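Chain Z: place on chain C using the hints.
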Amino acid sequence: MAVLVEEAIAALSTFSLEDDQPEVQGLAASLATERCATTSPIEYGDVSAYRLSLVEDTKAVNQLNALIHEGKEMSSVLYTYRSIPKELGELPDSMKHSQAELYLETYQVLDLEMSRLREIQRWQSSAASKLAVDMQRFSRPERCINGPTVTHLWSMLKLLDVLVQLDHLKNAKASIPNDFSWYKRTFTQVSVQWQDTDSMREELDDLQIFLSTRWAILLNLHVEMFRVNNVEDILQVLIIFCVESLELDFTLLFPERHILLRVLPVLVVLATSSEKDGDSLYRRVKMNRLINIFKNDPVIPAFPDLHLSPAAMLKELSVYFQKFSSQTRLLTLPAPHELPPLTSFQYSERHYLIVNHIGAIRAEHDDFVLRFASSMNQIILLKSTDSTDVDWSKEVKGNMYDMIVEGFQLLSRWTGRIWEQCAWKFSRPCKDSIPADSLESSTSNSDYEKVVRWNYTADERKALVELTSYIKSVGSMMQRCDTLVADALWETIHAEVQDFVQNKLAIMLKTTFRKKKDLSRILSDMRTLSADWMANTSKSETDIHSSQHGGEESKSNFFYPRLVAPTAAQVHCLQFLIYELVSGGNLRKPGGLFGNSGLEHSVNDLKLLESFFYKLSFFLHILDYSVTVGALTDLGFLWFREFYLESSRLIRFPIECSLPWMLADHVMESQNAGLFESILLPFDIYNDSAQHALVVLKQRFLYDEIEAEVDLCFDQLVLKLTDTIFTYYKSWAASDLLDPSFLFALDNGEKYSIQPMRFNALFKMTRVKLLGRTIDFRRLITERMNKMFRENLEFLFDRFESQDLCAVVELEKLLDILRHSHELLTQDLSLDSFDLIVSEMQENISLISFSSRLASQIWTELQNDFLPNFVFCNTTQRFVRSTKVSLVPVQKPSVPYGKPSFYCGSQDLNLAHQTFSRLYIGFFGIPHVFSIVKLLGSRSLPWLIRALLDHISNKLAILEPMITGLQEALPKSIGLLPFDGGVAGCQRIVKELLNWGSKTELKSEVLHGIKEIGTVLCWMALLDVVLRQVDTTNLMQTAPWLGLMPGPDGQISQSQEDGDSPLISLFKSAAATIESCPRRSNPSSFNTITKQAEAADLLYKANITTGSVLEYTLAFTSAALDKFCSKWNAAPKTGFIDITTSKDFYRVYSGLQFGYLEEYVEASSNNHDVLGDAVAWGGCTIIYLLGQQLHFELFDFSYQLLNVAEVETATVYYVLKHANYIQGSESLLEAMRKERRLNNHVFSLLRARCPLEDKTACAIKQSGAPLQRIRFENTVSAFETLPQKGA
Amino acid sequence: MMARAGGIGITNAVNVGIAVQADWENREFISHISLNVRRLFEFLLHFEATTKSKLASLNEKLDTLERHLELLEVQVSTASANPSLFN
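These protein sequences, in sequence, are chains C and Z. So the first sequence is numbered by full-length UniProt numbering: it starts at 1 and just counts up by one. So the second sequence is numbered by full-length UniProt numbering: it starts at 1 and just counts up by one.
In isolation and in its complexed conformation, chain C is listed as follows (with noise of 0.2 Å):
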């Protein structure tokens, strides 16, 4: 049976389970039971079984325990008592008439709730006499029942702390007189009518003494004690047996301590009060070694939110305690709030603050953590080994044992710590309170936030959150490995227990007790009652008188294990054993328990037997090794404010005020790396109190309550968690997007670079355990973020929206920092992908549009704004803001406020970004229109080509009216300029010429039109220089692959003339390769790669020649210009060139030209700022495209001026003469001849884009006379492609 068992739970580990989940949470479950080993489970029934007369001590345990069980379910009645008149309120004046009614109800409400104090006077008084009973009984002198035993002596001082806990509570909880004193008003009400009421109104008197009285439950008790006056001695061995726990310490568990230290106090006050013999406490018990505990722990927790202190209760109790109030020194012991500042800050120097201690905690856990998980990896290589070496097994498995000790040992002192730290807090409240910023927020503070918000300072909560991370993971370490050491550790336990009733009494027989045959049969009880001789096969009990004599090493009894521990029966009987031995069962006996009796026993067996001892009370927590590690590392205490709430008179308080998340917010706050993988920490302590409330509180409400506040409390985290993740991977991007080199030279270079913090453990928290819910970490995370780039998206583009073109650049360096923190994130996350985001910002998921949010703003923002307001420099190749007054006003919406995590992530790195950014706002030049490039793609720029073109035909049709007017204004004849005029002879006369009449109003609307036309033209210039730069980049990133090599003629040539590209040559071999191997696997994948291959190489070949998007604009704008050839262009009649009629489109440019030239110098109202050289652009280009350039540069009016002027020029006479003349006219020749080397620019320009020297070369017959114009095909090739507008 045993094997198949054994083979089946080893089956069950062939199962992979991996599990990639980090452990930065605590205990997810464990299998606990109701009655834990601690307290025997079957109620000391085996007791009697050993025949040691124990039947009554048994019976008194269990009486006891089972008050103690009581008493805990009545003291969480009390702690969790809410005062319920203040939820009843006033009765409105509308319904005085039913007033009667009111006080039934309310009557009845609050009878219910007083009933439950009813049955607490009623049991605390039964408890006290039964206590008072029982003490008695087992503290006589000449007793005739066997005990107490050491169990019986702890169920007394528990049953006493229950009662003092329960006094405690009663004093501290104002509202509950208050609630009594309500009833009583409303039973007087209601009790007119009763008959009767005389024996309840008694009941009530009685009640309502017991309810206001301090200390009652006390001063009752201390009635029934001394009854009969023989209580003393049980009292004093209570004394000495918490004196000397408490001085050795270590072998308690904290709620063990807690426990004596909170009941000593009282003993000492009852043991003094006593009528016989108040001072003989002080004969056994030196006043010093109490004076030092009182002294070493001034508070005391004893409730979540409630201490205790023991110098303000033994002050509090010496009014009621005549006899005590003798005892001066105990008296002068200040309460902690009495402490001066100096001692008081020793005293949590010292102690009480985990901030002074987290260093050596640190080391220790380090150092515990380490050992512990050597150990364990001995274990399981011990039993994957499968060795017969006894020793080192045992060895291994000692060592095991030694570190839960350990482990159990630390998790106490550590949660201790925590418990007294709160205590101390509690104990001390918040005097400054109140930091400047939140003085408006909360004009009253409430205690609670006196004692708990702002009691904690920033390194304070720091050390609470790192402990508490300590307890937590140690905690589940050891709980994991339950079920892996559990073996060992009833082994070693065996082999303790089986060494020291084998070997150790042995010996100790033989010598020290051989003469004493009273001791002797103790000695040889124990043996009896737990020695497992057949355990040890080698040698029978006979063998050890043989071995007695022999070495030193041969005396110690050699024993194979036994995985079996003892129950807690035996060790209750060793103990009670080891107990009568050593104060030989007198009670009176002076002196300590292990302390100076040495006059029968030698002192290394009273050394062993009280080590034994104590490791016997230690072995029942590691049996119980579950339930101990779920008491020593719960925390929930940290949320119970049961007592403020009351004494605040509130509902709840705000989660600011709640300390497991004043921990869980401060780990976010605080930015610290090295917290961050304990933020799901503070929720365990939510766990554990909503257990706590569920399992030992039992009240439904308060659960609710944790419930609530947790569920607000985990959005509130993972909003501000996200936050902070989305923050640093921006920064993160954004200084790494920054000119490393360039932060190297800087001086303060490293504001700009991140510290690096690690979310990966938090991005695998696919179940995180909250309140029996799991919930997944990682998925609530990835949700969130993919909503933050969409929102950061949005901002983005809004904020685009409200500045102008130029704030494209700052557009994409933004984008390309999301895009950059996108793809950090996605390592640890799955994302959608940036792409897709982007497309559904934009808004063109669609397959069908080519447009996007961003082209279509980029598209209106040119129309409207930079279009009519930007005027170009053909020097630098920029667009700048004219200077003047807008013509179009241009609205926008006001920028969008964003945090900074929308930006760049952090301060710094926004200032750096924006100082680069910042650079690129005032011009709109070839890094704007690279980033256009960027931002459209090939998807939507062509959409914008488009658009643009057709604003030039648009322009066009809109011009050809207008132009035709300015047409019909021109003389009708206009005549080469004469020479004798001079210049200024000559201005008068083109002045003459071009008053335009009625229409000198469509002149300014004229000469905008062509400049939009320009400028246009202008910013496909750029384009192209641009586009050309891009497909430069592809064709050397893809020529490699495509085979392409630069042929001797500077043309593109195959590399292979009939094969493959490298592309699907490589590809193609490896599918062969692939298929020729013996072993192949799928070459039909191979096969698809090696078709995709093809298929890519198609695509790129095609891209290789791309048209010029300037060419193709001039293409189009000539195609849109033949519609006003006839109008613009008109043959001549005589077939000679038209000089003195022709009033084609050179003419009436040219009288614009010469017209702003004019007002340009004349008015200095500096035109050139409103048009800039983009109307040159314009000009030239409608002018080379209709074929008028060489007519244009003859018969221009500046043109002819400037020759008139270099004529003059030539003669110094007439510079002499009209000195002062020439120089107010120098400025225009200047203009004049500044827009004619423009003019050449763009002509010589477009004659290299757009050539169309064929078209005059056949103008002219072979005889010379000239050819009507012949109608020319617009036939470049790009043009046939285009996509026709409407199709």
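Quick caveat, the hints were computed from the structure, so don't treat them as lab data. Please read all numbers here as calculations on a predicted model, not as lab measurements. Where a beta carbon is used, it is the ideal one built from N, C-alpha and C, also for glycine. Certain hints may be false.
[Stated by the list, open to error] Taking lysine-lysine pairs in the DSS-like style, the calculated list, with each CA pair at most 30 Å apart, reads: (1) Lys517/C to Lys615/C; (2) Lys698/C to Lys59/C; (3) Lys52/Z to Lys787/C; (4) Lys516/C to Lys504/C; (5) Lys52/Z to Lys764/C; (6) Lys972/C to Lys61/Z; (7) Lys720/C to Lys61/Z; (8) Lys1234/C to Lys999/C; (9) Lys54/Z to Lys315/C; (10) Lys517/C to Lys394/C; (11) Lys999/C to Lys972/C; (12) Lys813/C to Lys54/Z; (13) Lys899/C to Lys955/C; (14) Lys720/C to Lys54/Z; (15) Lys615/C to Lys504/C; (16) Lys61/Z to Lys1091/C; (17) Lys1123/C to Lys972/C; (18) Lys787/C to Lys720/C; (19) Lys787/C to Lys899/C; (20) Lys52/Z to Lys720/C; (21) Lys59/C to Lys72/C; (22) Lys1101/C to Lys1127/C; (23) Lys130/C to Lys315/C; (24) Lys764/C to Lys295/C; (25) Lys52/Z to Lys769/C; (26) Lys286/C to Lys698/C; (27) Lys972/C to Lys52/Z; (28) Lys61/Z to Lys764/C; (29) Lys698/C to Lys72/C; (30) Lys764/C to Lys787/C; (31) Lys54/Z to Lys764/C; (32) Lys394/C to Lys504/C.
[Said to hold, decoys possible] Chain Z regions said to be covered by chain C (calculated; three or more residues, Cβ under 8 Å): (33) 10-24; (34) 33-40; (35) 66-80.
[Claimed, not checked] Restraint-style ranges between C-beta atoms, simulated for each label pair: (36) Gln75/Z to Arg773/C: 13 to 21 Å; (37) His1241/C to Ser84/Z: 41 to 49 Å; (38) Gln21/Z to Glu6/C: 36 to 44 Å.
Leaving out everything else, chain Z in the frame of chain C:
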């Protein structure tokens, strides 16, 4: 001292010794069984944890696929709303 009524000491030491010995052996069997039951329980816990992890990662993949599918559906619907494109 030991002569008091009640007295200390096992009244029938031999019998008790035999019973204790038998008790040790019985309890060996009990602790063997209980330890293995606890191991079974622990296995189940571990198994649950693993399963939950795996389900979570599966869920994540499904989520991704679902969103992707949604996107594709939208794209297809926009395209098929304009059948002229395919002619």
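Provide an ascending list of the numbers of those earlier hints which the structure does not satisfy.
-> 6, 9, 10, 12, 13, 22, 24, 26, 27, 36 and 38
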